[in-house]
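A.B. asks: Here's the letter readout for the chains.
Protein chains: 2
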Amino acid sequence: MRTVEETCRRISGLDRAAMQRAQDRLDMLTKPRGSLGRLEELAVQFAGILKSLPRECKEKVIFTLAADHGVAVEGVSAYPQEVTGQMVLNFLRGGAAINVLARSVGARVVVVDMGVKAAVAPKSRRLCRRRIAAGTANFLQQPAMSRPQAVQAVAAGIDLVQTEVQRQGISVAAIGEMGIGNTTAASAVVAALTGTSPAAVTGSGTGVDKAGLQRKCVVIETALARHAPDARDAFDVLSKVGGFEIGGMAGIILGAAASRIPVVLDGFIAGAAALIACRLAPAARDFLIAAHCSVEPGHVLVLEKLGTRPLLDLQLRLGEGTGAALALPLLDASVRILNEMASFHTAGVSPAK
Amino acid sequence: MRTVEETCRRISGLDRAAMQRAQDRLDMLTKPRGSLGRLEELAVQFAGILKSLPRECKEKVIFTLAADHGVAVEGVSAYPQEVTGQMVLNFLRGGAAINVLARSVGARVVVVDMGVKAAVAPKSRRLCRRRIAAGTANFLQQPAMSRPQAVQAVAAGIDLVQTEVQRQGISVAAIGEMGIGNTTAASAVVAALTGTSPAAVTGSGTGVDKAGLQRKCVVIETALARHAPDARDAFDVLSKVGGFEIGGMAGIILGAAASRIPVVLDGFIAGAAALIACRLAPAARDFLIAAHCSVEPGHVLVLEKLGTRPLLDLQLRLGEGTGAALALPLLDASVRILNEMASFHTAGVSPAK
Chain A
36 MRTVEETCRR ISGLDRAAMQ RAQDRLDMLT KPRGSLGRLE ELAVQFAGIL KSLPRECKEK
96 VIFTLAADHG VAVEGVSAYP QEVTGQMVLN FLRGGAAINV LARSVGARVV VVDMGVKAAV
156 APKSRRLCRR RIAAGTANFL QQPAMSRPQA VQAVAAGIDL VQTEVQRQGI SVAAIGEMGI
216 GNTTAASAVV AALTGTSPAA VTGSGTGVDK AGLQRKCVVI ETALARHAPD ARDAFDVLSK
276 VGGFEIGGMA GIILGAAASR IPVVLDGFIA GAAALIACRL APAARDFLIA AHCSVEPGHV
336 LVLEKLGTRP LLDLQLRLGE GTGAALALPL LDASVRILNE MASFHTAGVS PAK
Chain B
36 MRTVEETCRR ISGLDRAAMQ RAQDRLDMLT KPRGSLGRLE ELAVQFAGIL KSLPRECKEK
96 VIFTLAADHG VAVEGVSAYP QEVTGQMVLN FLRGGAAINV LARSVGARVV VVDMGVKAAV
156 APKSRRLCRR RIAAGTANFL QQPAMSRPQA VQAVAAGIDL VQTEVQRQGI SVAAIGEMGI
216 GNTTAASAVV AALTGTSPAA VTGSGTGVDK AGLQRKCVVI ETALARHAPD ARDAFDVLSK
276 VGGFEIGGMA GIILGAAASR IPVVLDGFIA GAAALIACRL APAARDFLIA AHCSVEPGHV
336 LVLEKLGTRP LLDLQLRLGE GTGAALALPL LDASVRILNE MASFHTAGVS PAK
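Protein chains in written order, with our numbering: chain A, 36 to 388; chain B, 36 to 388.
Calculated directly from the structure, the hints in this document are not laboratory data.
Worth double-checking, as some hints may not be accurate.
Which copy is meant is left open, because identical chains are indistinguishable; a pair holds if it fits in one copy or across any two.
As the list claims (entries may be wrong) - Below, in silico cross-link-like pairs of lysine-lysine (BS3-like), each with a Cα-Cα straight-line distance of 27 Å or less:
{"hint": "1", "residue 1": "Lys-388", "residue 2": "Lys-245"}
{"hint": "2", "residue 1": "Lys-152", "residue 2": "Lys-388"}
{"hint": "3", "residue 1": "Lys-340", "residue 2": "Lys-86"}
{"hint": "4", "residue 1": "Lys-245", "residue 2": "Lys-86"}
{"hint": "5", "residue 1": "Lys-152", "residue 2": "Lys-93"}
{"hint": "6", "residue 1": "Lys-340", "residue 2": "Lys-158"}
Using the sequences plus the hints, can you model the full thing?
C.D. replies: And the structure:
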């Protein structure tokens, strides 16, 4: 718990002076003021995070966290539980969507086992092992994990950031996940933290049918009534209805914010993790960039609560960090605009009348 | 006129069989069906355009067309007219936003003088010279150009595509523009072609003030009443209230469609050009990809009429092709997904229950 508390204490908001310098620079460049819209906002936010003008955005790291969910036995997913471990192997071999998109945008993928049921790829050196347990418990029956496990999951995320910072550095972190059943956990977390009815924030995930969607809602409603998680206590919510990868992603956000690194959120489940992180350290919000709005109905609410607006409108519902990967070129572009464009003065272009 | 007519006749719709093959391939890959949303749609559209599965998207060409507008003397822009030529020099030196973003996404920029008032950079080899005249006439007083000039502008665009196809090839074309006063021309074109009131499709462009916006609306209303362009006749509309770069962009769309190359549209002005192209050859619509929705109020209507939906939500209003440039990595990503992802079978991942 000390790691988490100390990390949260190190998080402070954006540096307004650096943001002003970035804005002043943008306003000198050969374009109408503000005409690059949210690309300019990204550059200004990045400056506020770094406390200086960003020079490059080279080290793009996508953390893809995998874990299993005991609640999967309730038939809340279109896929069998063994798919989580199979997909981890696919990540390690480079054949999944996140691998393809990471290559496409020049990012590296850090694959993390936060608690896949069947331990996978025992010999792979490329797998980060942060297993909290062999999947969570079925939260319809009992809390998904103990409170110490919830703290441990968040601390593991913090440690993942520190390890990568020391290894190769991180210009920007992106977070995504894999875990059969994890939209059920994310919906429960979001409903609990925001006091919203489960039906309003629960969708068909990777494609469960109508009956499955109804089961999902009933499972979440029953679990919330049974465990009565305390919305003010992020660890209570995470332990009762969360998941190890959700805790891990919350930890990555906290670790990145403490190290003044921007974090690009993928979809709904990463959003649930962001709500947990911001409950632990509200200033972490300033470090978040929402990549896209997924088709999960609860995602709109999550983005609203986080005060962020998505950059892409692509109707994604895959996870793994795929949406976050697709948004990384925009952050790159914003930094290049700040550094490479000519000013009205140097280019000899007349300013506005 | 023969060039334009022949080009239009060569344009046919998407190849449904190739689209089905792309969809079948996507459905075998290790992801829930359809979960990559509009990225999958892009891959399928691309297959329909190519009549085969796209293998790569390497040759990205951004055409940035510049021209001046006689109507600028009516005080419809926040910038003086000489900025058009100054910005062309900036494009050639690589200091403008479009140069920076093109480098960022691995595209090349083809800078075209379609009719800048003061002839620029007489010695530059990198400038494509397709000058129709030294700017259009002030369409408040007289038609912007003659009908033969309108045809010549569209034919120039067709020729630009052919030249680039022969030189280095084009996997995807993107179109953008530079021309002080050209949101006024674009608003007039859109109002005329769609039968919408000018007030509903006219915005503040690069940042004209409230009085300037009102002047813009009055200028457009007066010009449309005076010239009464025939909405069914694209060349009549283009010649009476259009611009050389608008005609050129329409030609690029037609030329690209005839060569079965997808075209990424930038903002409102490129959208006006697309409406002209689709009036000349309705099947050209299938080749269009809308990059973003700009803050110009008429852009929503244009995208609706074109039946396209923007990929990015970035509040851009710069032009030059900047929004189109930012969307190119998404097309790249869609092609890579089709080619590089593992299938359920090869990865040993269990399919949906």
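A.B. asks: For the identical chains here, do Lys-340 and Lys-158 meet the 27 Å Cα criterion within one copy, between copies, both, or neither?
C.D. replies: neither (41 Å within a copy, 56 Å between copies)
A.B. asks: Using 27 Å as the alpha carbon limit, work out where Lys-245 and Lys-86 are close: within a copy, between copies, both or neither.
C.D. replies: neither (49 Å within a copy, 37 Å between copies)
A.B. asks: Is the C-alpha distance from Lys-152 to Lys-93 at most 27 Å within one copy, between copies, in both cases, or in neither?
C.D. replies: neither (35 Å within a copy, 41 Å between copies)
A.B. asks: If the cutoff is 27 Å on CA atoms, where do Lys-340 and Lys-86 land: within, between, both or neither? Let me know, please.
C.D. replies: Close inside one copy (25 Å), not across copies (45 Å); limit 27 Å.
A.B. asks: When no copy is named, should Lys-388 and Lys-245 be tagged within, between, both, or neither for a Cα gap of at most 27 Å?
C.D. replies: between (59 Å within a copy, 14 Å between copies)
A.B. asks: When Cα atoms must be at most 27 Å apart, do Lys-152 and Lys-388 count as within-copy, between-copy, both, or neither?
C.D. replies: between (66 Å within a copy, 19 Å between copies)
Violated hints, in rising order: 4, 5, 6; the structure is consistent with all others.
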